[in-house]
Amino acid sequence: MWNQISPAARLIANLAAMFAVVMVNDPYTPTMFLVVSIALTVWTGVLQGRRLVRLLPFGFFAFAMFWMNAAWANVNDAVVVATLGPLQFTDQGIVLGLALALRILAVGMLTIVFLSTMDPTEMVLSLVQQFRFPPRLAYSLMAALRFVPTLETEMQLIRAAHRIRGTGAEGRLAWGRRLYRYAIPLLAGGIRRAERVAIAMEARGFAPQHPRTYMRKLPWRTSDTWFIVASLVVIGAIFAVSAHMNWLSWAWFGGREF
Amino acid sequence: MFMPDQRWTLRDTVVMAVLGVVYGALYVGFVPVWGLLSGIIGPFALDLIYGVWFMASITAAYIIRKPGVAFTTEVLAALAEMPWGVAGAGALIGGVMQGFACEIPFALTRWRRYNTAVLIASGMTASVFTMVHNWFLFGYNEFPVGMLMAMWAVRLLSGALIAGIGGKAVADGLAATGALRSFPLGRERVRQQAGRA
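Residue numbers (numbering that gives the first Met the number 0), protein chains in the order written: chain F, 0 to 257; chain E, 0 to 196.
I should point out that these hints are in silico values taken from the structure, not numbers from a laboratory.
Idealized CB from N, CA, C, for every residue including glycine.
There may be inaccurate statements among the hints.
Said to hold, decoys possible - Output of the computed footprint for chain E on chain F, the stretches with three or more beta carbons under 8 Å from beta carbons of chain E:
1) 34-43
2) 79-89
To be verified - One-sided and incomplete, this derived list gives chain F residues near chain E with beta-carbon spacing under 10 Å:
3) LEU95
4) GLU201
5) GLY235
6) ALA239
Said to hold, decoys possible - One-sided and incomplete, this derived list gives chain E residues near chain F with beta-carbon spacing under 8 Å:
7) ALA16
8) LEU47
9) ALA106
10) THR176
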């Protein structure tokens, strides 16, 4: 299913869903977003362990937001329901913490759903053809993205070179210095290659002022429009259910009711 | 005063893209670091390491020294992050805001000054702007003001040290390899060495 939808449409849908989920601070609405996006990953076959691992950082951050809000959120007339050492968890804080944690998980999951099968080249082409992203930047980015596999090979070379010379960082911030020692030759190689690529592109007549034609066209299709419409309908339906069940609480217009 | 050509060449944009892609990989690599640290010290983890995510702007602007470089490199880094699948529209908005913020101090010097103070100011401006972004995205409005101020202070420090000093250190390291000879930073180094000799 995802191959038929242009990256531009996916980005727009991702953006719309993200804005929607940020508008509320009750725990129920983001839960529905989370459930729908999980269902969508299962349905479209995007669900794989490797992809779900990407949700882990969001999970940790969500957990942190949960307990810190549970203990310290700005709430009125809160009742302390549990204590853990110096932390006093309030009833309203817990609900709020849960809501924000679920919001963060939903934002993470929506990203995985909409963008995890996106092809980098298609993304760049779509940005140029649909969003009028400057071609000069787009083709520069595409050239640079082509370096990624070579960067991995070069990383192994650098590692081998470091090992032969017996260089290793020890002591405080050793990992930082190691990172720096890898990054510099990696970037230096990348910049040298970038200069050659730029000359090669100009030699082949790449000039931004000429009218552009495209070998691969990614036109905006009706299916893209329908995809966005469908996404908006689902978002609307989630809000309608939430409002109908009296769960909905707006985050930014003083609508919190606990 | 001699004013070099401020238009981007294709070489500038490809180098910006390479910096964007490499920093994009670093940015993606720091997402799990943020996650793990959050598990230990809570939302402060993000503020502590947030400077990492502004580095592309500062390194690129310091090397290329033209208007719009800081902004564009950060946007390119955000775009390069997307195919990895951890960064979506949220990261793109974040990248646009970070890049815009990083560009402000350079713009205020009319893109003439690229000393350490301006680079640090650039990182700190990004710290200010990202707080607004996170306020909405993560719901920081529910935290007590004192705690938010503490988070902000940590983030400002991170923007100054990691992004400002760190981003500059990467560019200086690159200049030392001789790879930047055709860029303003590399030419500056050559002039300095000639002056010393």
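Holds or violated: is the Cβ of F/ALA239 closer than 10 Å to a Cβ in chain E? At 23 Å from the nearest chain E Cβ, F/ALA239 fails the 10 Å test, so the hint is violated.
Going by Cβ atoms only, is E/THR176 closer than 8 Å to chain F? holds, 4 Å
Given E/ALA106 was flagged as interface, is its beta-carbon under 8 Å from a beta-carbon of chain F? At about 19 Å, which exceeds the 8 Å cut-off, the nearest Cβ of chain F leaves the hint on E/ALA106 violated.
At a Cβ distance under 8 Å, does chain E reach at least three residues of the stretch 34-43 of chain F? violated (count 0)
Does E/ALA16 pass the interface hint, meaning its C-beta sits closer than 8 Å to a C-beta of chain F? holds, 4 Å
May I ask you to test the interface hint for E/LEU47 with respect to chain F, counting a Cβ-Cβ separation under 8 Å as satisfied? violated, 12 Å
Supplied contact hint for F/GLY235, tested at 10 Å Cβ to chain E: Nearest chain E Cβ about 19 Å off; hint violated.
Per the coverage rule (Cβ-Cβ under 8 Å, at least three residues), is the stretch 79-89 of chain F covered by chain E? violated (count 0)
Do the numbers back the hint for F/LEU95, that is, is its least Cβ distance to chain E under 10 Å? holds, 6 Å
Chain E contact restraint for F/GLU201 - C-beta distance below 10 Å: Status holds, d = 6 Å.
Going down the numbered hints, you'll see the structure goes against 1, 2, 5, 6, 8 and 9, while the others check out.
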